[in-house]
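Trainee: Generate coordinates for the entire structure from the input sequences, incorporating the hints supplied.
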Amino acid sequence: MNLDVILRAGISTGTILLIAAIGEILSERSGIQNLGVEGMMLFGAMAAFKVSYESGSVILALLAAIGAGGLLSLAHALVTIHFQADQTVSGLSLTFLGTGLALVLGEGLTGLNTPTVPNATIPLLSLIPWVGKIFFTDQNLLVYFGYLLIPASWYFIFKTKPGLHLRAVGENPAAADTLGVNIYRTRYLYTFIGGCMAGLAGASISVAISPGWYSNLTTSGQGWIAVALVIFAQWNPTGAAVGGYLFGMLRRFMLDLQGPTMLLGYKNPFFYDHNLVFFLQMTPFVLTIIALLWGSARARRKRLGAPAALGVPYVRGERGL
Amino acid sequence: MRLPYSLQLVKRTEETPKWLPAVTSLGAVVVAFVFSGIVLALMKADPLRIYQYFFRAAFGSWGAFSDVVVKATPLILIGLGCSVAFRMHLWNIGAEGQFYIGAFFASLVVLVPLVPLETTPKFVILSLMAILGLIGGAVYGFIPGVLKARFNINEVITTLMLNYIAVFWNNYWIFGKYSDAGFQMTRTFPNVAWLPRLADLAKQYPVFSGITLHLGVVFGLVAAVIVWLIVYRSRWGYKINLIGDNPRAARYAGIDITRNIILVFMFSGALAGLAGMAEVSGVVHRLQERISTSYGFSGVIVAWLAKLNPYAVIVVSILFGALIVAGREIQPSGVSFMIQGTILFLVISSDVLLKYHVRLVRTEEETA
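In the order they appear, the protein sequences are chains V and L. Position 93 (the first sequence) corresponds to 93 in this note's numbering; numbering is contiguous. Position 348 (the second sequence) corresponds to 348 in this note's numbering; numbering is contiguous.
Honestly, the hints are just simulated from the structure, not real lab data. Note that this is a predicted model, so its numbers are computed, not measured. Zero decoy hints are in this set.
Distance windows between CB atoms, simulated:
1. L:ALA202 to V:GLY311: 52 to 58 Å
2. V:ARG301 to L:LYS11: 39 to 45 Å
3. V:PRO269 to L:LEU117: 28 to 34 Å
4. V:THR121 to L:VAL112: 55 to 61 Å
Partial list, computed: chain V residues near chain L (C-beta under 8 Å):
5. GLN84
6. ALA85
7. THR88
8. VAL89
9. SER90
10. LEU97
11. LEU101
12. PHE278
13. GLN281
14. PHE285
15. THR288
16. ILE289
17. LEU293
Glycine included, every Cβ here is placed at the ideal spot set by N, Cα and C.
Mentor: As structure tokens, this is what we get:
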């Protein structure tokens, strides 16, 4: 077990969660909760893998994933924005639909090899002692994209005019409407962007960070963890980054925990009783619940919380929020 | 960009016609099959042949139909549980986990064993298993219920996380302590822990030989009547409906919402737990991996497609049982999942037809 290895791996796999969570933050900031992240990610992962295999182009693969996730999210947008359907049920059915489509269209892709997004080492930055070794050496290009995404999305949401409009639509759509912000268009746009990023997050698994197509095990519940991260992060990209990376590190730590025969001077129970590993595998899911508990307590203390209009359909002229 | 026509929604002022929900649900199912047919055709498969095969695999013989009802049994129980929770807008997506824990609790009767298996009458053992299944599911429903009621934590996420946790929990026991000679399953239960099957009567009535239908389906039918009575004829059901329709009014009326959230979650979980018991005792006859083929999630769709009506849940469950039976014989494996997702999507989209008149209008006329 090596701390540097755990940190490096955490940053790497945490990027998947990070991208998906920031996409979901944008969508939820506009008032549309999309629980279909898992389905969109899986569909995106499949699309990327398939296109990469057939065209041999990684760029096309990433575009396909972005398009695939975005396409699915438009179905959610139409149903929840125009038809005012319940966002929970719609998001859930999106997960079914995305998973089903991915499994059907991804038939026969298991075990194939495709071109992948390469790793890279950043000159100069990688020379910084310790930090350079962990953050800037031999990481996937999408990991670096993640580094840029965090400040960019934070700046966009909190410091720009479109970001202000986005938050207004999620907090008080009626007021935003009177100021001339097009509620429907804004919500469609950010739901779509959220879907695109979920698709990209899927691609970041299948053609970049842990390449391959393993049907529904490709995402294995990470989409749901991303949705939980949004709450943990209190709809803030920096929080999503911290949470995502921590989660990644935790997963690697769990894996490494099984290796050594001795732990802190004791016989390693996970090494000698292999069945205890099931409890290790439970841990991320238990921690997600604990993180939500913690997030909810913090939100109450600081009077933060979800965008006020999250989950509420907007109809002009009807009394709502 | 301006399209020449646009859809306009006009709120219904009159009552929604009684037949309309049934028609839209049916329409959703039909369109879902058409959509999936198109996807299959794109995959260069022949959708008509697949559907024909589907139909024959599900309804082609009494044996096949009995398999369908066997698959529908857990869906009925889970769908009923979800339908009650959904009335309060509690999104219990955790039936899958509650099913596993219910199965685990029920199996303990045999695995520990909690009673001497040789001397205890079959009736007592099965009742004990059913009760433990109910308790297991209720306990597992209690967790997200408390988290939701006391800490306002999104129950969709907690129930989903608990699903994963339940599977690992079961794996720990079936790979470890209760493993049958190192296989990923427990030993087969003795006959006293098997729910009676129609096939057991084959000696007297040869017609029933090989028919797998077991007593669990009766649990489902009885549960449907009970749920109907609760929802439409009881004080508790009235409270549930009121909290769902208008939580503020419910609070003013002095209804303890926190308590009812927890109770409904436990009730919903208990039914899923009973489904788990019926599955291990009636079908698998041991505890093993993958005792559920996403029953928990299909149950959600069943409840929604049935518009939360307990009797409709039975009918829809049989349709979905057929999808599962046919789906496991068919490649590609995601087809039945895709159809289920599409159905749910179309059902919720078609709800707009219940609330609004949809009109196609020329955009020019609309501009004001």
